[in-house]
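Chains A and B supply the protein sequences, listed in that same order. Residue 162 in the UniProt record's numbering sits at position 162 of the first sequence, with consecutive numbering throughout. Residue 303 in the UniProt record's numbering sits at position 303 of the second sequence, with consecutive numbering throughout.
Everything labelled a hint here was simulated from the structure, so no lab data went into it.
Taking CB as the label site, the calculated pair distances span:
(1) A:PRO28 / B:ASP214: 51 to 61 Å
(2) B:ASP105 / A:MET301: 33 to 43 Å
(3) A:GLU342 / B:PRO40: 21 to 31 Å
(4) A:SER7 / B:THR233: 20 to 30 Å
(5) A:SER36 / B:GLY74: 45 to 55 Å
(6) A:SER36 / B:GLU24: 51 to 61 Å
(7) B:HIS21 / A:ALA210: 57 to 67 Å
(8) A:SER7 / B:ALA70: 29 to 39 Å
(9) A:GLU66 / B:ASP32: 51 to 61 Å
(10) A:MET328 / B:ALA79: 28 to 38 Å
(11) A:ILE191 / B:ALA35: 48 to 58 Å
Where a beta carbon is used, it is the ideal one built from N, C-alpha and C, also for glycine.
There are 2 protein chains.
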Amino acid sequence: MQQLQQSFSVNYSYGVFFTKHLFELTNPYLRDFLASQVAPGYTKKILVIADEGVISKHPALPEQIETYCAIISGFQLAAPVIIIPGGESVKNDEALFYKLADTIDQYGIDRHSFVIAIGGGAVLDLVGFAAAVSHRGVRHIRIPTTVLSQNDSGVGVKNGINYKGKKNFLGTFAPPAAVFNDSHFLTTLDIEDWRSGIAEAVKVALIKDASFFDWLEMNALPLAEGNLPAMETLVYRCAELHMQHIGGAGDPFESGSSRPLDFGHWSAHKLEQLTNFSLRHGEAVSIGMAVDSVYASLLGMLDSTAASRIVRLLEQLQLPVYHPLLEMQDGMPSAVIKGLQEFREHLGGRLTICLLKAIGQATEVHEMDVALLNKAVENIKSRYANS
Amino acid sequence: MQQLQQSFSVNYSYGVFFTKHLFELTNPYLRDFLASQVAPGYTKKILVIADEGVISKHPALPEQIETYCAIISGFQLAAPVIIIPGGESVKNDEALFYKLADTIDQYGIDRHSFVIAIGGGAVLDLVGFAAAVSHRGVRHIRIPTTVLSQNDSGVGVKNGINYKGKKNFLGTFAPPAAVFNDSHFLTTLDIEDWRSGIAEAVKVALIKDASFFDWLEMNALPLAEGNLPAMETLVYRCAELHMQHIGGAGDPFESGSSRPLDFGHWSAHKLEQLTNFSLRHGEAVSIGMAVDSVYASLLGMLDSTAASRIVRLLEQLQLPVYHPLLEMQDGMPSAVIKGLQEFREHLGGRLTICLLKAIGQATEVHEMDVALLNKAVENIKSRYANS
Numbered sequence: 001m002q003q004l005q006q007s008f009s010v011n012y013s014y015g016v017f018f019t020k021h022l023f024e025l026t027n028p029y030l031r032d033f034l035a036s037q038v039a040p041g042y043t044k045k046i047l048v049i050a051d052e053g054v055i056s057k058h059p060a061l062p063e064q065i066e067t068y069c070a071i072i073s074g075f076q077l078a079a080p081v082i083i084i085p086g087g088e089s090v091k092n093d094e095a096l097f098y099k100l101a102d103t104i105d106q107y108g109i110d111r112h113s114f115v116i117a118i119g120g121g122a123v124l125d126l127v128g129f130a131a132a133v134s135h136r137g138v139r140h141i142r143i144p145t146t147v148l149s150q151n152d153s154g155v156g157v158k159n160g161i162n163y164k165g166k167k168n169f170l171g172t173f174a175p176p177a178a179v180f181n182d183s184h185f186l187t188t189l190d191i192e193d194w195r196s197g198i199a200e201a202v203k204v205a206l207i208k209d210a211s212f213f214d215w216l217e218m219n220a221l222p223l224a225e226g227n228l229p230a231m232e233t234l235v236y237r238c239a240e241l242h243m244q245h246i247g248g249a250g251d252p253f254e255s256g257s258s259r260p261l262d263f264g265h266w267s268a269h270k271l272e273q274l275t276n277f278s279l280r281h282g283e284a285v286s287i288g289m290a291v292d293s294v295y296a297s298l299l300g301m302l303d304s305t306a307a308s309r310i311v312r313l314l315e316q317l318q319l320p321v322y323h324p325l326l327e328m329q330d331g332m333p334s335a336v337i338k339g340l341q342e343f344r345e346h347l348g349g350r351l352t353i354c355l356l357k358a359i360g361q362a363t364e365v366h367e368m369d370v371a372l373l374n375k376a377v378e379n380i381k382s383r384y385a386n387s
Numbered sequence: 001m002q003q004l005q006q007s008f009s010v011n012y013s014y015g016v017f018f019t020k021h022l023f024e025l026t027n028p029y030l031r032d033f034l035a036s037q038v039a040p041g042y043t044k045k046i047l048v049i050a051d052e053g054v055i056s057k058h059p060a061l062p063e064q065i066e067t068y069c070a071i072i073s074g075f076q077l078a079a080p081v082i083i084i085p086g087g088e089s090v091k092n093d094e095a096l097f098y099k100l101a102d103t104i105d106q107y108g109i110d111r112h113s114f115v116i117a118i119g120g121g122a123v124l125d126l127v128g129f130a131a132a133v134s135h136r137g138v139r140h141i142r143i144p145t146t147v148l149s150q151n152d153s154g155v156g157v158k159n160g161i162n163y164k165g166k167k168n169f170l171g172t173f174a175p176p177a178a179v180f181n182d183s184h185f186l187t188t189l190d191i192e193d194w195r196s197g198i199a200e201a202v203k204v205a206l207i208k209d210a211s212f213f214d215w216l217e218m219n220a221l222p223l224a225e226g227n228l229p230a231m232e233t234l235v236y237r238c239a240e241l242h243m244q245h246i247g248g249a250g251d252p253f254e255s256g257s258s259r260p261l262d263f264g265h266w267s268a269h270k271l272e273q274l275t276n277f278s279l280r281h282g283e284a285v286s287i288g289m290a291v292d293s294v295y296a297s298l299l300g301m302l303d304s305t306a307a308s309r310i311v312r313l314l315e316q317l318q319l320p321v322y323h324p325l326l327e328m329q330d331g332m333p334s335a336v337i338k339g340l341q342e343f344r345e346h347l348g349g350r351l352t353i354c355l356l357k358a359i360g361q362a363t364e365v366h367e368m369d370v371a372l373l374n375k376a377v378e379n380i381k382s383r384y385a386n387s
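Modelling step: build the complete structure from the supplied sequences, incorporating the hints.
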């Protein structure tokens, strides 16, 4: 036998820009970024796909984008802004995926062109996937418009669509060419979406940064009530911690089994699914974090004062900490808790759950005690009933 | 404005093993590889997808695979060997792609399991794509069974399917976990498929390695007539050069516009498409190389003796060097030559064509002289008519 060994590294690099009113003619950031991508001798194309929900709040945006792009030399807008529906359900819509592939084909968008997606996490995931697999990878710029996408998914490296009810079953790891977080979009969010996005900031503070948690406690009231400067600070710090995790942990494309950013997520994913996504992702994560924090305190891993601070912060942020679907049914574990087994399969056979040893400090466990989980649920339920 | 910069590298590494009778119980290579991938505490799954054409020539293979896999500790075969059709047309079959995704889902194949594909390049491309996008990337082992896939596509990093008639429109760059080249599969190929695979070896010799070209000239007769030891030498050297190019050129996922492995390919792709793939890929590449070699000699870039040696070697290998679709139609450039424009778009607006300065030495040009191309075609046609 003979053997050849292949070995190489691929470098990925992208900027995440924090700005306001990105498409005002005086705003240089997108224009400057594109100028850095110009190739001598030919005109690159830009295809803009925007979330209907965003356009309904910002009806002048398509025209503004067309005006802005018209004066970027070396680039041309390949088509008028294409508007698609938003929200999680678009990730179930295979026809929409193919419509995007058709659009990329129809307008001759190649591997040197840019697809720009403007919208919430679902639109970014769908458009990102379509771009990632068209021509084996068209360059992709993300303009996230929600708190959740600006501080978490939008600055990361994943995309995907749902398939036969399985969340993100089809997808890739594909870093964006650039990300532009425009805080003006946050001002037109429903208050529930605004608050829901804060859950990921609480999560990342809990597993990585105790002083950020302290800051969240101090700013809980303005954050819950829609204060933009507080939110801008939150989004920046949360995005920074998220990006450090992806870039610094040595496994950006998750080839190992460790997923320490998934705190509170095993039950959250199941809750979202069981409620047909009527529960927002951040709301479900808030519930999941409350359950796993109280569970860790019952286990003796986390001190009970810390668990109480966590649940209290979530409540101050007006995020839910409990859901009836967590309760035992006729003496059997709830459907959510039964979901642990599915999560084990998703991870490749060995359960890995992120729990807290302290605020700002996470660890991993490979077993969950179902009786203790039920006790944690009961504990939160009684708090909830008394609040 | 604030800005965060993300930057990281991802390391990829995989072995390409050259062996014979991979699934005989005494053959340790696949077993040893899998043993190196065992994780303590749980059993990983293996899902085997095989090309119908291969199974028809090797009907005992599924049983042999099941016996072989049964004794690998830490692994289990998730399902009996799954047999799918082979050949380029499977890449047009979206339903088959979804069937593979369903199979991966149904048998609980996760990111730590292995999907093994056995077959020609089309099956490897299809299965590789399905694995690459399921769960954002299931590990994938390739067992190429044709000369072309063993010496070229199977040892590389691309996968893909056709979409609405566009070759490889949907796909990704996703390095395999390992590749096993079993030369016994080559012994049951049709002689046309055997010869067609040699074209990629001629190509890589022409652009990278003059002494390999000399070796091909000396061994043209045994190679054309089905001599296995000669073919094993060819496959190894061609795979090695191909892998060096991918790993050594600094752009394994082709983010730049340079594609120097594509010598002879701009017209080959178009010829394949225009003949509905009745022309084999290697046959089309052979024609493409003949045209571009004669073109380069007419341009004064390549000396005419070298161009003649190239055309003669292809003829000795019993590969075609001419096709009527190259000819001008009513004084207009042929459909193949008109395809230059499409190729320009595919590359992102700027034409980049690989031409030869000498045997073993390639360069890039950004323009093609259509009149001179027609002259090259005429030149080959007259040679062809006289031969």
